[in-house]
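Asks: Residue numbers (this note's numbering), protein chains in the order written: chain B, 1 to 182; chain E, 1 to 78.
Keep in mind that the hints were calculated from the coordinates and are not lab data. Wrong hints could be hidden among the right ones.
[Said to hold, decoys possible] Which chain B residues face chain E? A few, computed with CB under 7 Å, are given here:
| no. | residue |
| --- | --- |
| 1 | Ile23 |
| 2 | Ser122 |
| 3 | Gln141 |
[Unchecked claim] Reference listing, derived: stretches of chain B covered by chain E, where coverage requires no fewer than 3 residues with Cβ under 8 Å from a Cβ of chain E:
| no. | segment |
| --- | --- |
| 4 | 59-73 |
| 5 | 83-91 |
[What the hints assert, rightly or not] Below, a list of computed lysine to any residue pairs in the SDA-like style, where the Cα atoms sit at most 20 Å apart:
| no. | chain 1 | residue 1 | chain 2 | residue 2 |
| --- | --- | --- | --- | --- |
| 6 | E | Lys47 | B | Ile23 |
| 7 | B | Lys131 | E | Lys26 |
| 8 | B | Lys56 | B | Ile155 |
| 9 | E | Lys26 | B | Leu31 |
| 10 | B | Lys112 | E | Gly14 |
| 11 | E | Lys26 | B | Asp117 |
| 12 | E | Lys26 | B | Pro66 |
| 13 | B | Lys113 | E | Leu15 |
| 14 | E | Lys76 | B | Ile155 |
| 15 | B | Lys136 | E | Lys26 |
| 16 | E | Lys26 | B | Lys113 |
| 17 | E | Lys23 | B | Val120 |
| 18 | E | Lys23 | B | Gly32 |
| 19 | E | Lys23 | B | Met115 |
| 20 | E | Lys23 | B | Ile155 |
| 21 | E | Lys23 | B | Glu128 |
| 22 | B | Lys116 | E | Pro44 |
| 23 | E | Lys23 | B | Ala133 |
| 24 | E | Lys47 | B | Lys131 |
| 25 | E | Lys23 | B | Tyr19 |
| 26 | E | Lys77 | B | Thr166 |
| 27 | B | Lys131 | E | Lys70 |
| 28 | E | Lys77 | B | Gly32 |
| 29 | B | Lys176 | E | Arg56 |
| 30 | E | Lys70 | B | Gly119 |
| 31 | E | Lys70 | B | Asp117 |
| 32 | E | Lys23 | B | Thr14 |
| 33 | E | Lys78 | B | Leu31 |
All of these numbers come straight from a predicted model, not from anything done at the bench. In this text, a Cβ means the ideal position worked out from N, Cα and C, and glycines have one as well.
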Amino acid sequence: MATERLAIIATKGTLDWAYPPLILASTAASLGVETAIFFTFYGLNIIHKEKMKQLKIAPIGNPGMPMAFPPSVKKTPVAGQLAGLMEAIFPGPPQIMGIIPGMTDFMTAMMKKTMKDHGVASVEELIELCKEADVKLIPCQMTMELFDYKYEDLIDGLEPPGGAATFINYVLEADKPMIIFV
Amino acid sequence: MASVTADKTLDTSGLNCPLPVLKTKKALEELQSGQVLEVISTDPGSKADIPAFCQRTGHELVETVEEGGKYIFYIKKK
Numbered sequence: 001m002a003t004e005r006l007a008i009i010a011t012k013g014t015l016d017w018a019y020p021p022l023i024l025a026s027t028a029a030s031l032g033v034e035t036a037i038f039f040t041f042y043g044l045n046i047i048h049k050e051k052m053k054q055l056k057i058a059p060i061g062n063p064g065m066p067m068a069f070p071p072s073v074k075k076t077p078v079a080g081q082l083a084g085l086m087e088a089i090f091p092g093p094p095q096i097m098g099i100i101p102g103m104t105d106f107m108t109a110m111m112k113k114t115m116k117d118h119g120v121a122s123v124e125e126l127i128e129l130c131k132e133a134d135v136k137l138i139p140c141q142m143t144m145e146l147f148d149y150k151y152e153d154l155i156d157g158l159e160p161p162g163g164a165a166t167f168i169n170y171v172l173e174a175d176k177p178m179i180i181f182v
Numbered sequence: 001m002a003s004v005t006a007d008k009t010l011d012t013s014g015l016n017c018p019l020p021v022l023k024t025k026k027a028l029e030e031l032q033s034g035q036v037l038e039v040i041s042t043d044p045g046s047k048a049d050i051p052a053f054c055q056r057t058g059h060e061l062v063e064t065v066e067e068g069g070k071y072i073f074y075i076k077k078k
């Protein structure tokens with residue numbers, strides 16, 4: 001059978017942007033496609049032992065962010081009514097709120113709670129599922145040096161650090177190659 | 001009610017994309033060829049995703065039942 005390969009380039013280091021590469025990779029692998037993710041620039045944070053736990057979602061510069069309170073908050077008597085009122089007035093957190101210290105952490109905590117309430121897997125869980133499904137996780141050598149990340153700073157079970165040529169070669173070795181840039 | 005009997009049941013209620021598909025794949029690995037897996041899901045996305053998974057992997061989607069906000073799939077392992 002012709003080999004099908006999906007190669008995903010993960011370049012962003014925020015909580016929301018960590019999801020698309022991990023969801024696509026784990027799913028593609030479970031559909032029988034050979035899959036790899038190349039983590040470059042801020043995407044390296046997704047596989048960094050410490051930084052992966054601190055991925056955040058920022059309201060500032062993110063006008064698409066909904067004012068989404070976790071369902072568990074909405075069910076609470078007073079807080080739930082307040083949340084409903086806020087959602088009715090604002091389509092999303094007003095941009096000016098983004099500069100308030102602690103706002104990014106607050107929105108991150110809310111988003112994580114909302115995700116949990118909706119049965120969305122955590123980043124850590126999705127990485128484990130990727131590993132179980134034999135997704136190759138390749139850290140970018142150049143960005144590791146740029147950010148001074150050592151191979152030991154990254155999670156276990158990764159491929160050796162690679163460069164652009166390694167990655168392109170991996171993709172083009174397949175009969176049916178596909179690349180997704182995130 | 002479904003007309004097929006399942007050899008194993010996987011309940012993914014409350015879980016969201018991509019977990020129902022990933023768990024289905026894992027559960028099928030534990031079955032023999034020809035056995036039927038029953039997958040229960042509350043994720044509306046699985047209505048399209050489970051058939052797509054079956055189409056790609058060659059397992060046969062024998063029957064789909066929708067009842068009370070739940071989607072129940074019967075998948076025969078290839």
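Asks: Compare the structure with each hint and give your call.
Replies: Outcome of the hint check:
1. At its closest, the beta carbon of Ile23 of chain B sits 5 Å from a beta carbon of chain E; the interface hint therefore holds under the 7 Å criterion.
2. For Ser122 of chain B, the interface hint is violated, the least distance from its beta-carbon to any beta-carbon of chain E being 11 Å, above 7 Å.
3. With a least beta-carbon distance of about 29 Å to chain E, the hint placing Gln141 of chain B at the interface is violated under the 7 Å criterion.
4. Requiring three or more residues with a Cβ within less than 8 Å of a Cβ of chain E, the coverage given for the segment 59-73 of chain B is violated, as only 0 such residues are present.
5. Coverage of the segment 83-91 of chain B by chain E is violated [criterion: at least 3 residues with CB-CB distance below 8 Å; count 0].
6. Distance check on the hinted pair: Lys47 of chain E and Ile23 of chain B sit about 17 Å apart at the alpha-carbon level, within 20 Å; holds.
7. At most 20 Å may separate the alpha-carbon atoms for a hinted pair to count; Lys131 of chain B and Lys26 of chain E meet this at roughly 13 Å.
8. With a C-alpha separation of about 19 Å, the suggested pair Lys56 of chain B and Ile155 of chain B falls inside the 20 Å cut-off, and the hint holds.
9. Distance restraint check for Lys26 of chain E and Leu31 of chain B: the Cα-Cα separation of roughly 11 Å lies within the 20 Å cut-off, and the hinted pair is therefore satisfied.
10. Distance hint between Lys112 of chain B and Gly14 of chain E is fulfilled; the C-alpha atoms sit about 16 Å from each other, no more than 20 Å.
11. Using a Cα cut-off of 20 Å, the hinted pair Lys26 of chain E and Asp117 of chain B is violated, with the two alpha carbons roughly 24 Å apart.
12. Taking the CA atoms of Lys26 of chain E and Pro66 of chain B, the gap is about 34 Å. The hint is violated against a cut of 20 Å.
13. The hinted pair formed by Lys113 of chain B and Leu15 of chain E meets the criterion: a straight-line CA distance of about 14 Å does not exceed 20 Å.
14. Only pairs whose Cα atoms come within 20 Å are accepted, and Lys76 of chain E paired with Ile155 of chain B is rejected, the gap being roughly 37 Å.
15. Distance check on the hinted pair: Lys136 of chain B and Lys26 of chain E sit about 18 Å apart at the alpha-carbon level, within 20 Å; holds.
16. As the CA atoms of Lys26 of chain E and Lys113 of chain B are separated by approximately 27 Å, the hinted pair breaks the 20 Å bound.
17. In summary, the hint linking Lys23 of chain E to Val120 of chain B is supported, as the alpha carbons are separated by about 13 Å, within the 20 Å threshold.
18. Pair hint Lys23 of chain E plus Gly32 of chain B holds up; C-alpha atoms about 14 Å apart against a cutoff of 20 Å.
19. Note on Lys23 of chain E and Met115 of chain B: the hinted pairing holds, with a Cα-Cα distance of about 18 Å set against a maximum of 20 Å.
20. The straight-line distance between the Cα atoms of Lys23 of chain E and Ile155 of chain B is roughly 23 Å, outside the 20 Å bound, and the hint therefore fails.
21. A hinted pair counts as satisfied when its Cα atoms are at most 20 Å apart, and Lys23 of chain E with Glu128 of chain B qualifies at roughly 13 Å.
22. A hinted pair counts as satisfied when its Cα atoms are at most 20 Å apart, and Lys116 of chain B with Pro44 of chain E qualifies at roughly 17 Å.
23. About 11 Å separates the Cα atoms of Lys23 of chain E and Ala133 of chain B, which keeps this hinted pair within 20 Å; it holds.
24. Proposed proximity of Lys47 of chain E and Lys131 of chain B is contradicted: the alpha carbons are some 26 Å apart, above 20 Å.
25. At most 20 Å may separate the alpha-carbon atoms for a hinted pair to count; Lys23 of chain E and Tyr19 of chain B meet this at roughly 18 Å.
26. A hinted pair counts as satisfied when its Cα atoms are at most 20 Å apart, and Lys77 of chain E with Thr166 of chain B does not qualify at roughly 36 Å.
27. About 30 Å separates the Cα atoms of Lys131 of chain B and Lys70 of chain E, which puts this hinted pair outside 20 Å; it is violated.
28. The straight-line distance between the Cα atoms of Lys77 of chain E and Gly32 of chain B is roughly 14 Å, inside the 20 Å bound, and the hint therefore holds.
29. Simply put, Lys176 of chain B and Arg56 of chain E have alpha-carbon atoms about 14 Å apart, close enough for the 20 Å limit, and the pair holds.
30. As the CA atoms of Lys70 of chain E and Gly119 of chain B are separated by approximately 15 Å, the hinted pair is consistent with the 20 Å bound.
31. Restraint check for Lys70 of chain E and Asp117 of chain B: the C-alpha separation of about 18 Å stays at or below 20 Å, so the hint holds.
32. Straight-line distance between C-alpha atoms of Lys23 of chain E and Thr14 of chain B comes to about 26 Å, which puts the hinted pair past the 20 Å bound.
33. With a C-alpha separation of about 14 Å, the suggested pair Lys78 of chain E and Leu31 of chain B falls inside the 20 Å cut-off, and the hint holds.
Of the numbered hints given earlier, the model fails hints 2, 3, 4, 5, 11, 12, 14, 16, 20, 24, 26, 27, 32; all others are met.
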